[in-house]
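Trainee: This is what each chain is made of:
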Amino acid sequence: MNARTERAAAYRIFRDALELPPAGREALLAARCGADAALRRMVVRLLAIADTDSTATGMLLPDFAPPDPERIGREYGAFRLVERLATGGMGTVYRAERIDGVPQTVAVKVLREGVTAASGALFLREAQILARLEHPSIARLIDVGVRDGEGWIAMEFVRGQPITDYCDSHRLDLPGRVRLLLAVADAIATAHRALIVHRDVKPSNVLVTESGEPKLIDFGIASALARPSETRAATAEVGTLFTPHYAAPEQVRNEPVTAATDVFGLGALAYRVLTGCEPYAHVTSAVGYLMAVTQEDVARPSVAAAGADALAYPAARLRGDLDSILMKALEREPARRYPGVQEMQADFAAYLEGRPVRAHPGGWSYRLGKFVRRRALPLAVAALLGAAVLAGALIYFGQERRVAQAELTAARRDEFLESLLRSADPYRGESNVTTLAELLDKASSQVDVRLRGEPLVQASMLHFIAQTNLGLGRVREGHSANERELDILRRNGGGPLEIGRALSLSGQLYRYESRWAESQRALAAAVALLEPLGVAGDLCTALDNLAAAQLNLQQLDAAGATLRRELAIEHSAGPGLLRQQMQANESIGVLLGAELGRYQEAAHYTAEGWALAQKLLPPDDPDRFSMEDAYAVALRNLGKPAEAEPLFRDAVARSIRVLGPQHHDTLVNELGLGNDLLELHRYAEAAELAASVAHSLESTLGPESWYTLFAWNEYGTASCNDGHATQGLAALERVAAVRARTLPAGHRLIYSTNIDIGSCLTRLHRYSEAEPLLLEAADGLTRSRGTAYRRTQDAYAALRDLYEDMNQPQAANRWTAKITPPPGR
Amino acid sequence: MDASRTSGLFARWSAGEPRALDELLAHLYRDIHAIAVRELRGERHLTVRPTALVHEVYLRMVELREPNWRDRAHFLALAARVARQVLVDEARRRRAEKRDGGTPVTLSDENIGGSNGAYDALDVDSVLAELKDIDDVAAEVVSLRVFGGLSIAEAAEVLKLSVATVNRRWATGKAWLAHELLSGA
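Read top to bottom, the protein sequences are chains A and B. Heads up: the first sequence begins at 1 in this note's numbering, then just goes up one per residue. Heads up: the second sequence begins at 1 in this note's numbering, then just goes up one per residue.
Note that these hints are calculated values from the structure, not bench results. By construction, the Cβ of each residue, glycine as well, lies at the ideal position given by its N, Cα and C atoms. Hints may contain errors.
[Claimed, not checked] According to the in silico footprint, chain A covers these stretches of chain B (three or more CB under 8 Å from chain A):
id, stretch
1, 124-136
2, 146-157
3, 170-179
Can you build the whole structure from these sequences, using the hints too?
Mentor: Now the structure itself:
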């Protein structure tokens, strides 16, 4: 018999022997092993291993674990370990005494090596917060430290039983149990106010002393130790620790843990204490729990309790309020749970006092929400749903249908947002969401999962995300949310209002990027959808943005018509649309000024807008300082750069303060200021400002964006005039190359850059190159914009300078004669 | 791999198309392996719990919109296989790099078992490979329990056997595994 077959034989004999009672085994061994001593030894060894493992079903190979290092007698800080109490997921807990003889008993938890390594400094920092936490129902944290690479925590030593054992051994009645839970809730709520989440609320972490006081142990330890990972991508040792039957769905998914997680934990604890069964009691493994808690609703407590044995009261007493409270706490979606432990605590108190509880089975709006989503619900079924829901249904099906639906959508969206804001608490360390931008990204990444099955709410949320990103100048993120919004609306039958608004926003986003053709397309579609709906505000915003796109596409007549249409709506709508009206004034100012060279009229409109803004809006409102900037532009175009400068500076300063130095609007305002400085011949200052703006715009919008080119153009002109003609010329030529490639021939901006290049070449005495550029620009602009246009006049002045430099006074005079003073002088 | 793809493969496999399993395994394997590797690289002492990998497999599967509960057993079997494969490969790679003894497998589930034992996944794998020739049911039960983190009841569901039978095969298979690992096989 070779070794392999002998081992197989040993296994089979062992297997058969194990089926027999120990007394009967010897006969079997004698018969099957015969004289083969080695075979017999192996079978006997196998039987011995099997027999020492008495916990055959519960544990996996429990006897073969390398023993926890012997730590009894070791010193941790001021304490010496005396007795091992328990080993858990994170480490081993000991009873310890003070070294210096002062009588003090503490519990010392020594963390597993991997746990310590993974948590690092987070653990020590969190400990400082914990040390401040004082509550009669929270075991105090006494000291923390690291020894031999193992972190340790000394806590108040609590003499007591786990809450479940205590309740059972004292045969506590229902109100008695709820009172205990109320005290636990109060402890957790207190911790939440100190920004600490427990994360591991379960019976073994809630001890009840002989005098009947519950004490939470391990408070915040789990929270201190978790990896601050936003995503569930990191599946590490620490990342997946959770306690089956008590962990919330977001925990098993490795999603951010928040106060709502403790609501779930407390709900699960209460479930176990009140019903005698754990939530998802049928589950037998961690992976089974994972599946259950993410997909199944928990069994109604009164039903679960009915199957439990030895309950101290009839299960039916849980029906009603307690069922509702626990079901609300154990909602799988955090946003549907109690907003905080405090509210849950209030409901326990209300129950004890016989007052009505907050938790209704889902709540009417929630139920109606579900109903609205199930559009085709037969009326017969609706009749069964009771009066409140039916009333809601009638609203829904009746004239207010849109309003009711919109309100529900908004309410759900706000709920979602609120839950995110809650989850943005600084529970999870410094790296957590601290800025609005991060919050938006987080919201964006969770819309699909957390609002699953609610497309209208998803779309509404994405609209909010896109709009807010736009406000923050985060155009790429805005586009991405907006595209998802549009996609969802189209796939799920979104109405014209929703789609119109989404398209309008899309156009606005394109406007930011100066992608005028796309902007125009989206906005024209938005206007068509919104116009019949009588939503004047939305319509005017879309029209205003449409006009901007048309302006920049050089469809000046169309832009004028769009703006007139917008103003007509605004004037007839009255004071509700003043903000839109202000924007219209601003747009008209741009149309008349930058495009048509009608500077007096432009100044008139922008002055009116600026007056409105000053009257209506607080000084730091972005619309107000944007208007201020527009008015300053108009003043400069009137030849009053000195008057414009303080307005420009004020707008820039406010923009930096309110929107931030890198915000798109801030940068554009700075461009305006730079231009003004050029007019004031402060070239060095202008060059410095323009270069910094250009770099910023380049990094956010790319090297070829509309505004980036403006900035480099400004920088080039300023540099040329400041004695750095070569550098300036290089910048201008780069701008000209991009504009020649991306703009239609004859565009005013192509001429505009060429004027600056011509002037620069003149300074470098490269007259023969300058002349054709300037002549072409003067001719083109005269024909397309007229002689009074500012840049036409600039072209004339540049030609005059050229010929003077070339010593051709006659030619110079010819151009001088065409120059007229600015209209404002 | 995107969720709809996973879902489709899973459905095809559940409906009895065996070829879909290979593809499904390959996809899940790639995803999960990447995670395991990322977590293990440069961390000599970090153990990877098999159940953590199983969870990760599951989290990928639940991207499915309407998970079909009839597939539960299928899923559990699948997840255990993926986890085993990933751990064994990672242990093999580590050995090849001679960085340390291999990937420690914590042969316990944190919250259900109580031990901290860590063994090399490759050793466990080869013991189970031999056991498969002797008692393939026992080998299967041990594999599901150790690599998949399944309970006795779940293993019974997967293998379509009674709980009593699974209990008996678990007792013998586990003793065998312990014997082999302790005797340094």
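Trainee: For each hint, tell me whether it holds in the structure or not.
Mentor: Now the hints, each set against the structure:
{"no.": "1", "hint": "124-136", "result": "holds (count 5)"}
{"no.": "2", "hint": "146-157", "result": "holds (count 8)"}
{"no.": "3", "hint": "170-179", "result": "holds (count 9)"}
Checked against the numbered hints above, the structure violates none of them.
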